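Each residue of the sequence shown is one higher than the one before, starting from 1 at the first, in the UniProt record's numbering.
Think of the hints as simulated: they come from the structure by calculation, not from any bench.
As the structure is a prediction and not an experimental result, all values here were calculated from the model.
Certain hints may be false.
[As the list claims (entries may be wrong)] Below, a list of computed lysine to aspartate or glutamate pairs in the DMTMM-like style, where the Cα atoms sit at most 25 Å apart:
id	residue 1	residue 2
1	19	70
2	19	36
3	54	70
4	17	5
5	19	37
6	42	73
7	42	70
8	59	23
9	49	73
10	17	70
11	54	36
12	59	70
13	54	24
14	49	23
15	17	36
16	49	37
17	59	32
18	17	37
19	42	24
20	54	2
21	49	36
22	42	60
23	49	70
24	19	73
25	17	2
26	19	39
27	54	39
28	49	32
29	17	32
30	19	29
31	19	5
32	17	39
33	59	36
34	49	60
35	54	23
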Amino acid sequence: MEQIDLRGVSCPTNFVKAKLALEDIETGETVEFLLDDGEPVKNVPRSLKADGHKLLGLKETDGYYVLTLEKGEE
């Protein structure tokens with residue numbers, strides 16, 4: 001599974017980088033995004049879900065969050 005580290009990247013740049021990363025992934029594949037607490041963990045999952053991707057999980061690990069996502073049809 002591919003892992004994209006977006007820690008230290010502010011909004012909305014982190015969402016733009018997430019969208020660009022998803023362009024290189026096939027529909028139905030799973031990817032993990034590493035996100036900071038606060039605005040990133042609130043906004044990025046919601047925005048990706050609104051784009052048609054399936055959120056599989058969000059867990060806190062050592063002060064940051066791991067968002068697991070399945071790429072949907074864009």
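Going through the hints against the structure:
1. For the hint pairing residue 19 with residue 70, the CA-to-CA distance comes to about 13 Å; that is within 25 Å, so the pair holds.
2. Annotation: proposed proximity of residue 19 to residue 36 holds, straight-line Cα distance about 17 Å (limit 25 Å).
3. About 5 Å separates the Cα atoms of residue 54 and residue 70, which keeps this hinted pair within 25 Å; it holds.
4. Distance hint between residue 17 and residue 5 is fulfilled; the C-alpha atoms sit about 10 Å from each other, no more than 25 Å.
5. Between residue 19 and residue 37, the direct Cα distance comes to roughly 19 Å. Compliance with the 25 Å bound is thereby established for this hinted pair.
6. A hinted pair counts as satisfied when its Cα atoms are at most 25 Å apart, and residue 42 with residue 73 qualifies at roughly 22 Å.
7. Taken as a hint, the residue 42 and residue 70 pair is honoured in the structure, with Cα atoms around 18 Å apart against an allowance of 25 Å.
8. Under the criterion of a C-alpha separation no larger than 25 Å, the hint pairing residue 59 with residue 23 is consistent with the structure, at around 24 Å.
9. Restraint check: the Cα-Cα separation between residue 49 and residue 73 comes to about 11 Å, which is no more than 25 Å; the hinted pair holds.
10. For the hint pairing residue 17 with residue 70, the CA-to-CA distance comes to about 16 Å; that is within 25 Å, so the pair holds.
11. At roughly 20 Å between alpha-carbon atoms, residue 54 and residue 36 fall within 25 Å of each other, so this suggested pair holds.
12. With a C-alpha separation of about 15 Å, the suggested pair residue 59 and residue 70 falls inside the 25 Å cut-off, and the hint holds.
13. Restraint check for residue 54 and residue 24: the C-alpha separation of about 17 Å stays at or below 25 Å, so the hint holds.
14. Distance check on the hinted pair: residue 49 and residue 23 sit about 15 Å apart at the alpha-carbon level, within 25 Å; holds.
15. Proposed proximity of residue 17 and residue 36 is supported: the alpha carbons are some 14 Å apart, at most 25 Å.
16. In summary, the hint linking residue 49 to residue 37 is supported, as the alpha carbons are separated by about 18 Å, within the 25 Å threshold.
17. Restraint check for residue 59 and residue 32: the C-alpha separation of about 11 Å stays at or below 25 Å, so the hint holds.
18. At roughly 17 Å between alpha-carbon atoms, residue 17 and residue 37 fall within 25 Å of each other, so this suggested pair holds.
19. Restraint check: the Cα-Cα separation between residue 42 and residue 24 comes to about 24 Å, which is no more than 25 Å; the hinted pair holds.
20. Restraint check for residue 54 and residue 2: satisfied, since their Cα atoms lie roughly 16 Å apart, inside the 25 Å limit.
21. Restraint check for residue 49 and residue 36: the C-alpha separation of about 18 Å stays at or below 25 Å, so the hint holds.
22. Distance check on the hinted pair: residue 42 and residue 60 sit about 13 Å apart at the alpha-carbon level, within 25 Å; holds.
23. A distance of roughly 10 Å separates the Cα atoms of residue 49 and residue 70; the hinted pair therefore holds under the 25 Å criterion.
24. Restraint check: the Cα-Cα separation between residue 19 and residue 73 comes to about 12 Å, which is no more than 25 Å; the hinted pair holds.
25. Restraint check for residue 17 and residue 2: satisfied, since their Cα atoms lie roughly 14 Å apart, inside the 25 Å limit.
26. The hinted pair formed by residue 19 and residue 39 meets the criterion: a straight-line CA distance of about 17 Å does not exceed 25 Å.
27. Between residue 54 and residue 39 the alpha-carbon distance is near 20 Å, which keeps this suggested pair within the 25 Å criterion.
28. Proposed proximity of residue 49 and residue 32 is supported: the alpha carbons are some 14 Å apart, at most 25 Å.
29. Taking the CA atoms of residue 17 and residue 32, the gap is near 13 Å; set against the 25 Å cutoff, the hint holds.
30. Simply put, residue 19 and residue 29 have alpha-carbon atoms about 14 Å apart, close enough for the 25 Å limit, and the pair holds.
31. The hinted pair formed by residue 19 and residue 5 meets the criterion: a straight-line CA distance of about 13 Å does not exceed 25 Å.
32. A threshold of 25 Å between alpha carbons decides the hint, and for residue 17 with residue 39 the separation of about 15 Å falls inside it, so the pair holds.
33. Among the hinted pairs, residue 59 with residue 36 is consistent with the structure: their alpha-carbon atoms are about 11 Å apart, no more than 25 Å.
34. The straight-line distance between the Cα atoms of residue 49 and residue 60 is roughly 19 Å, inside the 25 Å bound, and the hint therefore holds.
35. About 15 Å separates the Cα atoms of residue 54 and residue 23, which keeps this hinted pair within 25 Å; it holds.
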